[in-house]
Amino acid sequence: MASLSIDNVCKTYNNGTDVLKGIDIAIDDGQFLILVGPSGCGKSTLLNMIAGLDDISSGDIRIGERRVNDLSPKDRDIAMVFQSYALYPSMSVRQNISFGLEIRKQPKAEIDATVNRVAEMLQITHLLDRKPSQLSGGQRQRVAMGRALARNPSIFLFDEPLSNLDAKLRVEMRTEIKLMHQRLKSTIVYVTHDQIEAMTLGDRIAVMKDGIVQQFGSPQDIYDNPANLFVAGFIGSPSMNFIPATVVESGGQLGVKVCDDHGCVVLPLPHDKAKLAQWVGKDVIFGIRPEQITDARTAHREGLPQMDCHVKVIEPTGPDTLIFVTLNDTKVCCRAHPTEAKRPGDAMQLVFDVSKAVLFDPKTEMRIA
Amino acid sequence: MANKLSIGRLLVYAALALVAVYYLLPLYVMLTTSFKTLDDIRQGNLLSLPQAWNGGAWAKAWASACTGIECGGMKGFFWNSVKMTVPAVLISTMFGAVNGYVVSMWRFRGSDVLFTMLLVGCFIPFQVVLLPMAQLLGYLGIANTTTGLVLVHVIYGTAFTTLFFRNFYVTVPDELVKAGRIDGAGFWTIFFRILLPVSGPIFVVCIIWQFTQIWNDFLFGVVFAAGESQPITVALNNLVNTSTGVKEYNVDMASAIIAALPTLFVYMVAGRYFVRGLTAGAVKG
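Quick note, the sequences are listed as chains W and B, same order. Quick note on UniProt numbering: the first sequence kicks off at 1 and runs consecutively. Quick note on UniProt numbering: the second sequence kicks off at 1 and runs consecutively.
Simulated from the structure, these hints should not be mistaken for laboratory data. Backbone N, C-alpha and C fix where the C-beta goes; we use that ideal spot for every residue, glycine too. Heads up, some of the hints might be wrong.
[To be verified] To spell it out: a stretch of chain W is covered by chain B in this simulated footprint if at least three of its residues, at any positions, have a beta carbon under 8 Å from a beta carbon of chain B; those stretches are:
#1 67-80
#2 98-108
[Said to hold, decoys possible] The following label-pair restraints were derived from C-beta to C-beta distances:
#3 W:Q134 to B:V29: 46 to 56 Å
#4 B:L18 to W:Q134: 42 to 52 Å
#5 W:Q134 to B:L24: 41 to 51 Å
#6 W:D55 to B:L114: 14 to 24 Å
#7 W:A167 to B:L18: 39 to 49 Å
#8 W:D361 to B:F192: 53 to 63 Å
#9 B:G200 to W:N15: 29 to 39 Å
#10 B:Y267 to W:Q134: 24 to 34 Å
#11 B:I155 to W:T125: 46 to 56 Å
Sequences and hints are given; from them, build the entire structure.
In structure tokens form, the structure reads like this:
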């Protein structure tokens with residue numbers, strides 16, 4: 001096991017495209033790092049560079065105390081699980097797991113012991129003599145993990161390992177990966193485009209876009225305190241509502257005014273007044289998550305601002321019902337208790353919990369407060 | 001409705017049968033003629049069966065028919081062709097496999113340009129290279145030898161085999177190679193242990209293609225080989241064109257079939273893998 005530090009790493013392709021523009025990430029020994037972002041953000045490139053499959057244009061990557069920039073993949077003491085699993089098609093499961101150990105010239109008895117231990121851990125002992133083509137998606141996934149585990153590397157690299165599985169299996173394997181991490185306390189770098197995987201698995205999340213780390217922090221911190229509009233919209237499902245609004249002063253307090261076709265309400269802002277003073281009278285983007293706009297029963301707190309809104313669409317999800325209303329001409333999603341939800345066309349009293357609301361500058365898209 | 005369909009079916013089958021007959025008729029004529037005696041050929045009609053099946057023409061074609069001034073039959077030239085085709089097919093296929101592996105899995109600066117240049121090799125007509133190639137073989141001191149012919153066919157064939165293997169390997173996920181590299185395998189270990197075992201179908205395609213091309217080649221054979229080292233295609237031409245009095249159609253036919261037999265054999269043995277290999281894109285696993 002080892003820590004990982006990435007210092008000002010850049011990647012420029014021969015044709016001049018900048019894929020990564022100065023990445024700084026550091027994690028401790030045993031941490032689970034998630035690289036998340038939309039496709040084309042450079043997360044897979046970064047993972048390949050950690051693995052040594054792609055050259056580093058500038059900057060340093062360190063595994064433990066060792067600078068690995070110029071080491072070949074096999075000397076970096078890493079193991080990788082690929083999106084397509086990349087199991088060797090002509091080899092049995094046993095050979096797939098032992099291949100890397102054989103190449104490293106481990107003694108036969110030791111290899112056998114390792115394969116059996118790993119197979120037992122992943123419950124694939126009965127599959128050891130099968131070919132990859134005879135396995136289901138989930139079983140292939142396990143074998144791919146087994147191959148990585150057998151090597152017992154300092155760092156595990158996962159490249160979207162769950163994206164080829166069906167929804168149910170994905171959730172199961174997600175839990176297993178987390179369980180494995182808790183048990184082995186291994187250092188993991190995990191690439192995904194799925195923000196739910198990012199939230200559920202990671203100790204640290206790096207949200208990436210256009211080759212830049214937009215925010216690096218713990219899952220809860222990123223959820224509660226997004227650094228900019230992109231991070232706020234990317235993390236969380238359904239995503240945060242962005243309501244264009246104007247900062248107003250009423251009764252000595254700052255707030256934002258939101259209206260639907262029934263009327264208006266001024267939502268008081270909990271933030272530091274001095275910090276917001278320069279924004280009075282100006283347009284901002286008011287960010288509030290769906291669960292912070294709800295029915296009175298779910299809110300179960302007195303004194304919150306509330307408003308009757310015209311319900312446009314409802315989407316029952318089971319535990320909650322999503323209610324869509326229009327505020328300041330923007331579609332807004334609210335999360336309410338199923339029994340409290342009104343029907344489309346009716347008016348419904350919505351309660352706004354503004355304690356975690358955030359404000360963004362509409363021009364720079366950066367967080368104001 | 002069902003009736004209509006069966007009439008349509010009938011028409012289709014009739015058309016297919018007609019085409020099949022059209023294609024098989026020459027083979028039929030060749031086969032029957034080769035088993036007739038010369039008298040039988042003169043008396044009978046082209047399509048009639050032999051009055052008595054007679055293998056004499058085959059024996060003569062194999063062992064004692066005259067090609068020019070030599071009268072040793074096709075035997076020696078048949079083995080010439082084998083000695084030329086087998087090494088040329090194997091070497092060009094191996095080159096193609098390694099080339100295809102490099103241009104699909106180990107892209108380097110200019111690898112696409114290199115591949116394009118190799119592709120152009122597929123479109124260069126044989127005639128264009130005759131003179132320079134003759135000169136090259138002369139310099140190397142292997143003009144008029146089977147070794148020289150093997151070299152020519154390897155050079156010419158590598159363009160095609162590279163194309164075949166490259167197009168096959170681009171359908172193999174490159175993550176396999178990445179996984180191999182992380183597991184610590186080198187260039188050749190990855191090639192031999194991971195990729196070659198899944199390359200069966202494309203090997204069959206390549207071998208059939210190359211075998212047919214090289215075995216059937218006439219131009220290079222007639223230009224770059226002389227006398228003793230001539231391949232069977234050239235010998236067949238000489239045999240048919242050698243007239244000492246009577247034209248022995250039965251021997252000509254038997255010789256032609258002997259010359260065509262190996263390619264027929266390769267198709268029959270590996271033909272279904274050929275189609276499978278051409279259509280098999282993804283390697284599941």
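(request) Closer than 8 Å, Cβ to Cβ, for at least three residues: run that test on the region 98-108 of chain W against chain B and report holds or violated. (result) holds (count 4)
(message) For the hint 53 to 63 Å, verify it against the beta carbon of W:D361 and that of B:F192.
(response) 59 Å, holds
(request) Look at the Cβ atoms of B:Y267 and W:Q134 and judge whether their distance stays inside 24 to 34 Å. (result) At roughly 32 Å between Cβ atoms, W:Q134 and B:Y267 fall inside 24 to 34 Å, so the hint holds.
(message) Can you tell me if the region 67-80 of chain W counts as covered by chain B, using C-beta to C-beta distances under 8 Å and a minimum of three residues?
(response) Contact hint for the region 67-80 of chain W vs chain B: holds, 6 residues under 8 Å.
(request) Please test the hint of 39 to 49 Å on the beta carbon pair from W:A167 and B:L18. (result) 55 Å, violated
(request) Just tell me: holds or violated, for the beta carbon distance of W:Q134 and B:L24 against 41 to 51 Å? (result) Given a distance of about 42 Å, which is inside 41 to 51 Å, the answer is holds.
(request) Please test the hint of 46 to 56 Å on the beta carbon pair from B:I155 and W:T125. (result) At 52 Å between Cβs, range holds.
(request) Using the beta carbons of B:L18 and W:Q134, state whether their distance is inside 42 to 52 Å or not. (result) 46 Å, holds
(message) Holds or violated: the 29 to 39 Å window for the beta-carbon distance between B:G200 and W:N15?
(response) 37 Å Cβ-Cβ, so the 29 to 39 Å window holds.
(request) State, for the Cβ atoms of W:D55 and B:L114, whether the hinted interval 14 to 24 Å holds or is violated. (result) 20 Å, holds
(request) Evaluate the given range 46 to 56 Å for the C-beta pair formed by W:Q134 and B:V29. (result) 51 Å, holds
In this structure, the one hint that does not hold is number 7.
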